[in-house]
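Novice: If you want the building blocks of each chain, they are given just below.
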Amino acid sequence: MIEKIVNPKELRHWDGRIELYWIYTSGKAGDEFFKKLMNEEKFLAAKCKKCGKVYFPPRIYCEKDFSETEFVEVSGEGCVRAFTVARLDAYEKPLEKPEIYAVIDIDGTDGCLIHLLGEVEPENVEIGMKVKPVLKPKNEREGKITDILYFKPL
Amino acid sequence: MEVEKISGLKFHKKQDVAIVGAGMTTFKRRLNETGRELSYLAIKQALEEAGITIDDIEMVVMGSAPDTFDGLHMKGEYLLDGSGGSDRPYMRVFVGGGTGVFAPIAGYWHVASGLADVCLVVCEEKMSSSHPHPQSAFKYIWDPILDRPLSPNLIWIFALEMRRYMHVHNIKHEDIALVSVKNKGNALDHPCAQVAEKITVEDVLNSEPMALPVRRLDVSPPSDGAAALIMVAPHIARQLTDNPVWVTGVGWALDTTWWTNRDLYFPRYVAEAAKMAYRQAHINDPRKEIDVAEPYDPFDYKELHHMEGLGLAKKGEAPILTREGVTQRDGDLPTCPSGGLLGVGNPIAATMGVKACELYWQLAYRAGKRQVAKEVTTGVCQAWGDLMQVGTVMVMSNKR
Ligand SMILES: [Zn+2]
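Residue numbers (my numbering), protein chains in the order written: chain A, 20 to 173; chain B, 18 to 417.
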């Protein structure tokens, strides 16, 4: 049997809270990626100058051989490598509409991106399905990963 | 220093350990590069200096202080790909501010044990992510019931320690300020320095009071940065260089977490760690046998405190040596020739760049404009951290 968690507030107790927040930078490669996405609706990957591996999202270095990379443009389209249909939110409350999260193999690269699928019903999603990104209207874009609303079937 | 027998220290080394390359990024208050990018940049330099490639690296040790700075839980895993850790044995170690010397100690275990012949050690810190201020993260290191309701911050804890040190030995603030003047001046010759400056004792004494006796110029700044070291077995060192620098002793120790129950005026944690390292390095009289030192200097009084813990000065004697110029770059015991944390910057774990890396550069005669005047054979570097309780010490020598 599992012992139930009792209310710790029944004991003499002290409340605590960690009041911190963070401001992250996307770095050299990340900055180029997001600027290109926001301003030009284009997708950047990075190709290793030595082994030719293409990183997506881009990095300034090759993880394998530590050589420098150069930016290359890709379409942003790809195909579904794996997916899940989320029915509960992070607090375990039922979602009004199920959300489909997919790992997407980005064409012309050795990399993948995790993002939402849209304009498709869960029962119609298949592994290997070709998808393309749908972006926010230009005036609403902020240079963030959420500038991509979702990927939809091609 | 009183030499005591350390019971239980048994040591069976498989092979000696040499350092053959080091690198570091610039230290700045705020850098655009991600922690992964910073790690990569530091490693790239170290590999180039050693004349090897990432393929030659067998194992990796990553050092980074609390996750709260970068704002990433399991920061070690996050940093892995920029740290050369993919597809090889990789571990993260951290003992707060002591990490800058503890990470190379962990690298030493890897090679000395014979598990690896080539080990990369990389340290990273990106403090600028943390808000409202990097200092805010330190509010949560205290006991949540006894200390935290009083809203302590690190500065006033150090102020208490500095006051006690000054009181016990009757030390004037003027004498302590000389450390800040020296280190910020030394940093003028460091290409990575954040707060290098020609200042005077008066500048320190008139700078903004933070928690007296601590004033603004007594303190090192928070920074972003990374540093890397390559540690290898003797047969590899022989192939790469005629002048390797050998790690001859390592030591680490922690004092009680009940910081209020400590002496405050003397860093026992450093003394214990130093005893361990000196015993291994066969050093009996550190003041005579150590040619150059890089003690941890996040505050100016801390350099003095740590010199005494390292046995480089008798208790209360470090300010006198400083006043007499002994610790200047052209002195008899050059201390923090890098410019230290006070001058180059304080990206917690990445201060390895001004401690272990600098000591290697000094002993390899690769320190350029920072090279100390005297002939050097043996040196010591040290860091300090956790809840002001850990001492980490490494002794190096250019003679095997
Ligand atoms: Zn490559």
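Bear in mind the hints are in silico, worked out from the structure with no lab data behind them. One or more hints might be untrue.
[To be verified] Listed next, the in silico BS3-like pairs over lysine-lysine satisfying Cα-Cα at most 25 Å (straight line): (1) A:K112 - A:K47; (2) B:K45 - A:K47; (3) B:K61 - A:K69; (4) A:K28 - B:K156; (5) A:K83 - B:K61; (6) B:K45 - A:K66; (7) A:K155 - A:K69.
Novice: Against the structure, test the hints numbered earlier, and report the numbers of the ones violated in rising order.
Specialist: Of the numbered hints, 1, 6 and 7 do not hold.
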